[in-house]
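Student: Sequence:
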Amino acid sequence: MIDVHPAWHLVATLLGIFALPAYWAGEAVVRRVARSATCAVWRSRLVRRRRAVP
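If you read the sequence shown in the working numbering, its first letter stands for residue 2, the second for the next number, and so on.
Hints should not be assumed to be uniformly reliable.
[To be verified] Cβ-Cβ distance ranges computed for the label pairs, FRET-style:
1) Ala38 <-> Leu16: 22 to 32 Å
2) Ala23 <-> Arg52: 41 to 51 Å
3) Val12 <-> Arg49: 47 to 57 Å
4) Ala35 <-> Val12: 40 to 50 Å
5) Cys40 <-> Ala8: 25 to 35 Å
6) His6 <-> Ala26: 24 to 34 Å
If you're looking for bench data, these hints aren't it; they were derived computationally from the structure.
Model, not experiment: these values are computed from the prediction.
Beta carbons: idealized from backbone N, C-alpha and C, even for Gly.
Input sequences plus hints: build the corresponding full structure.
Tutor: Encoded structure:
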């Protein structure tokens, strides 16, 4: 067995504790950005259609 330094256990535990909230926050941010991007795309399409149709 490889003797693991206790600090690595602490680091692994902290990473495990912070991993889920960070993942959830990142997922929320990604969803928000994707939603705003799709909204912008749809708005530009609607504006183009309105300009094209007199």
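Student: If a hint holds in the structure, say so; if it does not, say that too.
Tutor: Hint by hint, here is what the structure shows:
| no. | hint | result |
| --- | --- | --- |
| 1 | Ala38 <-> Leu16: 22 to 32 Å | holds, 30 Å |
| 2 | Ala23 <-> Arg52: 41 to 51 Å | holds, 43 Å |
| 3 | Val12 <-> Arg49: 47 to 57 Å | holds, 52 Å |
| 4 | Ala35 <-> Val12: 40 to 50 Å | violated, 32 Å |
| 5 | Cys40 <-> Ala8: 25 to 35 Å | violated, 46 Å |
| 6 | His6 <-> Ala26: 24 to 34 Å | holds, 30 Å |
Going through the hint list in order, the structure does not satisfy hints 4 and 5.
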